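> All chains, full assembly: derive it from the sequences and hints.
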Amino acid sequence: MNIPYTVEERPDSGLANGKLGIWLFLASEVMLFGALFSTYIILRTGAPEWPHGELNIWLGMINTFILIASSVTMVMAWAELKLHNWARHRLFLILTFVLAGVFLVNKYFEYSSHFAKGEGPWHSTFLAIYFTLTGLHGLHIVGGMVVMAYLLGPGAILFKRNPEQFVNRIEYTGLYWHFVDLVWIFLFPVLYLL
Amino acid sequence: MSLKAFHLLFIGLSVVLAAFVGAWAGQQYQAAHDATYAVTAAAALAGGIGLAVYGAAFQRKMRRLQ
Chain G
1 MNIPYTVEER PDSGLANGKL GIWLFLASEV MLFGALFSTY IILRTGAPEW PHGELNIWLG
61 MINTFILIAS SVTMVMAWAE LKLHNWARHR LFLILTFVLA GVFLVNKYFE YSSHFAKGEG
121 PWHSTFLAIY FTLTGLHGLH IVGGMVVMAY LLGPGAILFK RNPEQFVNRI EYTGLYWHFV
181 DLVWIFLFPV LYLL
Chain B
1 MSLKAFHLLF IGLSVVLAAF VGAWAGQQYQ AAHDATYAVT AAAALAGGIG LAVYGAAFQR
61 KMRRLQ
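These protein sequences, in sequence, are chains G and B. Numbering-wise, the first sequence is residues 1 to 194 according to my numbering. Numbering-wise, the second sequence is residues 1 to 66 according to my numbering.
If you're looking for bench data, these hints aren't it; they were derived computationally from the structure. Please note: incorrect hints may appear among the correct ones.
[Stated by the list, open to error] If you want the ones that stay clear, here's a sample from chain B, every Cβ over 10 angstroms from chain G, calculated: (1) Leu17; (2) Gly47; (3) Ile49; (4) Ala52; (5) Val53; (6) Arg60.
[Claimed, not checked] Here are the computed lysine-lysine pairs in the DSS-like style, where the Cα-Cα straight-line distance is at most 27 angstroms: (7) Lys107(G) - Lys61(B); (8) Lys82(G) - Lys61(B); (9) Lys160(G) - Lys4(B); (10) Lys117(G) - Lys107(G); (11) Lys160(G) - Lys82(G).
[Stated by the list, open to error] Residues from chain B that keep clear of chain G, each with C-beta distances beyond 10 angstroms, as calculated: (12) Tyr29; (13) Gln30; (14) Ala35; (15) Ala42.
Computed from a predicted model, the values in this text were never measured in an experiment. For every residue, glycine included, the Cβ atom is placed at its ideal position computed from N, Cα and C.
As structure tokens, this is what we get:
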């Protein structure tokens, strides 16, 4: 039995099932991160003083650049697939995967330097919310990498069976990836600069 | 919203972030007179302009993709 509306748009919503699904999922993610951002604001406005200069701003800036670059490679992976350039699609998807990996390596170094100084989440309110927000964001990066690895590996076979559905899957992955990058665009100035 | 539109929104917000980083670095330079901040401000502003140019080029090139 075929599942309807995996490629064509539903007449009621005007969207394919996958796109409706990914946007519902992203809406729930907005609520999750929105709740944590609200927590941050409440903690910060209620604190008699708030620490500054505890984070490595330069590493944060490099990671911001990496994620912006990864959003470009992700959208290029989708565009090349739409143009039936399979090899270039793979190249851009691998590049996105690698950039995500570099982001996590930088994050590892950042976390390590804090833990080496005994500055874990228990150290202060600021570090507690910092590790919570960036840790959750890091888990989302890992999730995106798992999906990309699947689409580069066993999931790629779908392109032979149903190319349009595969293109849609790449687009949904791209939407998720852009959301994860967008969260960082807010996290970076809030945690590192302000 | 399509990936194309979301990407353009993301690039737009990245331009805003680059402008914010530029302003922040400029403020730090005025306070500390550290040349690193001046370089950062210039790089952020250049990056913001680069992103805006990229966004416009992306929109033009992607018109043929539905």
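> So, for every hint listed, does it hold in this structure?
Verification of the supplied hints:
1. Some Cβ of chain G comes within 10 angstroms of the Cβ of leucine 17(B); the nearest lies about 5 angstroms off, and the non-interface call is violated.
2. With a least CB separation of 8 angstroms from chain G, glycine 47(B) falls inside the 10 angstroms interface cut-off, contrary to its annotation.
3. Every C-beta of chain G lies more than 10 angstroms from that of isoleucine 49(B), the closest at about 14 angstroms, which supports listing it as non-interface.
4. The beta carbon of alanine 52(B) sits about 13 angstroms from the closest Cβ of chain G, which is more than 10 angstroms, so the claim that it is off the interface holds.
5. The Cβ of valine 53(B) lies farther than 10 angstroms from every Cβ of chain G, with a closest approach of about 13 angstroms, so its non-interface assignment holds.
6. The claim that arginine 60(B) is not at the interface with chain G holds, since no C-beta of that chain comes within 10 angstroms of its own (minimum 13 angstroms).
7. Only pairs whose Cα atoms come within 27 angstroms are accepted, and lysine 107(G) paired with lysine 61(B) is rejected, the gap being roughly 34 angstroms.
8. This hinted pair checks out: lysine 82(G) and lysine 61(B) have alpha carbons roughly 13 angstroms apart, not beyond 27 angstroms.
9. As the CA atoms of lysine 160(G) and lysine 4(B) are separated by approximately 24 angstroms, the hinted pair is consistent with the 27 angstroms bound.
10. Restraint check: the Cα-Cα separation between lysine 117(G) and lysine 107(G) comes to about 16 angstroms, which is no more than 27 angstroms; the hinted pair holds.
11. Note on lysine 160(G) and lysine 82(G): the hinted pairing holds, with a Cα-Cα distance of about 14 angstroms set against a maximum of 27 angstroms.
12. Every C-beta of chain G lies more than 10 angstroms from that of tyrosine 29(B), the closest at about 14 angstroms, which supports listing it as non-interface.
13. At roughly 15 angstroms from the closest C-beta of chain G, the C-beta of glutamine 30(B) stays outside 10 angstroms, upholding its exclusion from the interface.
14. Every beta carbon of chain G lies more than 10 angstroms from that of alanine 35(B), the smallest distance being close to 14 angstroms; the non-interface claim holds.
15. Against the 10 angstroms criterion, alanine 42(B) stays outside the reach of chain G, whose nearest CB is about 14 angstroms from its own CB.
The structure fails to meet hints 1, 2 and 7 from the earlier list, while all remaining hints are met.
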